[in-house]
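Here the protein sequences come in this chain order: A and B.
Heads up, the first sequence is in our numbering, so the first residue is 221 and it goes up one at a time.
Heads up, the second sequence is in our numbering, so the first residue is 221 and it goes up one at a time.
If you're looking for bench data, these hints aren't it; they were derived computationally from the structure.
Since we're looking at a predicted model, the values are computed, not measured.
Accuracy of the hints is not assured; some may be wrong.
Given that identical chains are not distinguished, each listed pair holds provided it fits within a single copy or across any two copies.
Pairs of lysine-lysine residues, derived as DSBU-like cross-links and limited to a Cα-Cα distance of at most 35 Å, are as follows [claimed, not checked]: (1) Lys521 to Lys498; (2) Lys448 to Lys406; (3) Lys348 to Lys498; (4) Lys434 to Lys348.
Number of protein chains: 2
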Amino acid sequence: MSLPTKTRQWILASHPTGLPTYGTRTDTFALETHDLPALSANQILVQTLYLSNDPAQRGWISPPSQIDPKRLYVPPVQLGHAMRARGLGRVLASQNGNFAAGDLVQATLNWVEYAVLDAGDPAAGVRKASELPGGLSVTHYLGALGGTGLTAWYGLVEVVGCRSGERVVVSGAAGATGSMVVQIAKGVVGASYVVGIAGSEEKCRWVESLGADKCLNYKSATFEADLKEACGDGVDVYFDNVGGQILDHMLANMKQHGRIAACGAITSYNGEAVLPMKNYFDVVSMRLQIKGFIVLDFMAKAAETVGKLVGAVQEGKIRVGEENETVVQTAFEEIPGTWLRLFEGGNQGKLVTKL
Amino acid sequence: MSLPTKTRQWILASHPTGLPTYGTRTDTFALETHDLPALSANQILVQTLYLSNDPAQRGWISPPSQIDPKRLYVPPVQLGHAMRARGLGRVLASQNGNFAAGDLVQATLNWVEYAVLDAGDPAAGVRKASELPGGLSVTHYLGALGGTGLTAWYGLVEVVGCRSGERVVVSGAAGATGSMVVQIAKGVVGASYVVGIAGSEEKCRWVESLGADKCLNYKSATFEADLKEACGDGVDVYFDNVGGQILDHMLANMKQHGRIAACGAITSYNGEAVLPMKNYFDVVSMRLQIKGFIVLDFMAKAAETVGKLVGAVQEGKIRVGEENETVVQTAFEEIPGTWLRLFEGGNQGKLVTKL
């Protein structure tokens, strides 16, 4: 088999202010073909097999006027550069002693067909992806047994120190991170009561099948009252994947000294209206703690924690399977379209692009 | 001298929805005269000399529909009951071995001329008020060397663990609590840089005279830019006395892992418009911590900390004086009027009512 000498790639063509677009006059992304460089020492040539789709990617492409680059936890994507994304790929050729042709790797591959990576570059984050037990698809390294599972674990266990017997609420509970929070809370931490919040009755029933005592549909007309009833005298921990109005409601449903893991605020990624926080004074009167965190801060021990997650799966404490991911077979030309599904709220579990 | 047998008292007559009123058709408070009971065992009869005025009092009188009583850190004031307030008084008669006629005491005296108190009742919180060194007025027990000084100390030192060399911003910096935060940060903790935020140029110059490196007027048209410039690459600690829009601005001016002590949110006490929090995502991306606290949680060691505050005053590390309080000589009929000055934003330091 001859090695490829060119690669197609989706580059950032313009900074979106609202929802990104492509294939129109106001394109965010553009498809280009570039020559691949010859491999230097320590480099590997990788073919992209799967791409991870993450809301955080939206933050990397906002107009410079809307972001303060030094406040982003990873640098923004520059105009003309390939759109950044984690992925899984197959090594086609290697000038690095740690990798051989045929190896499966996780890396920051970006939206490209083929990537030449310096295997020691931290920004590339190349790690071997060994086969998973029980016939689990390796795509779970991009989700439940990768970034999203680790986000759930660190947020719940380390950031807010959730303990056995505590009462927990999780928003975005049918999402990639939220569905793992629900399971880690019930199956690993031993929370006594876990309430999920999701965007449809169908998602809610799925979250309950994962072990949540209850899951509430935030689109229901009675949501605010349902949440108050479900929280009773208040909960100890709120794992917040969404920010905005649901966070505001939750401020009024925490116990004294309750802890909130601030993991995401997807409702403001695309410049939508920002709603007032009516219950903010509860932070003071109820002595609440809101703690923001980024999974990247914990990556030094990621391999160890992935081992714990895989162990919990083997012991039946966490269920990982097809229901934890939506793998979308995608033509290279359609990569942005699959990614945009993130913002339609219709996915169950981790959204993975399969090339 | 014959002992009084009756007392006038201001009672809560109706729950205000906006700013409280009195002496109009929509009265919040009403003046009544009640008989005083004879002293039982352990009780003392106290004449009110000074009353403490605190924004938190507003929260105790909101309509039941607007508050969730179990979420208040002290119970609401009931209709027909005397308005609750801390104060300083003189013991006129005692059936309690720990107090004698003539003693000066701190207690929850309420808006009354004379109070019969059970000296052992935690709700009354009766403590002897010994003379202060250096000719300092005992009224400072209601402010700089009492609740507000303790609030400043615990928020800064215990809640967010401010350390020597850190950069600190304080809002409400000309207020009773804020002016102590500025001084404790610079004089006791050893912060390298302290920026105050206050509501007039005059207040700002006073805050700078207390040791702040800079004080910014939030009413200035250039405030947002001034704050950004003053914060440079971000600050470690924000002591938040106000919530609302200034908190929102500060979210964008914190260092990674910055800590915010959430002490107050005066802008929403009177039902004013709640503004959106545009920079909330910085809580996640900058891994910020927002920690609400209530000084009452720390009262077990209050006497010890008051001793440290008095010591810092004696060593010249903290300056306490007339500038830390506004003592308003007030006819009993005008107690609500003096209290309402809290919400006009015109006071410097602790607002004390002198009867």
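Now for the hints, and whether the structure bears them out:
Within a single copy, lysine 521 and lysine 498 get their C-alpha atoms only as close as 38 Å, which misses the 35 Å cut-off; across copies the closest is 33 Å, which meets it. Taking identical chains as interchangeable, the C-alpha atoms of lysine 448 and lysine 406 lie at most 35 Å apart only when both belong to the same chain, with a minimum of 21 Å there against 43 Å between chains. For the homomeric pair lysine 348 and lysine 498, neither the shortest alpha-carbon distance inside one copy (47 Å) nor that between copies (40 Å) is at most 35 Å. For the identical chains of this complex, lysine 434 and lysine 348 are neighbours neither inside a copy (38 Å) nor across copies (53 Å), given an alpha-carbon limit of 35 Å.
Checked against the numbered hints above, the structure violates hints 3 and 4; every other hint is satisfied.
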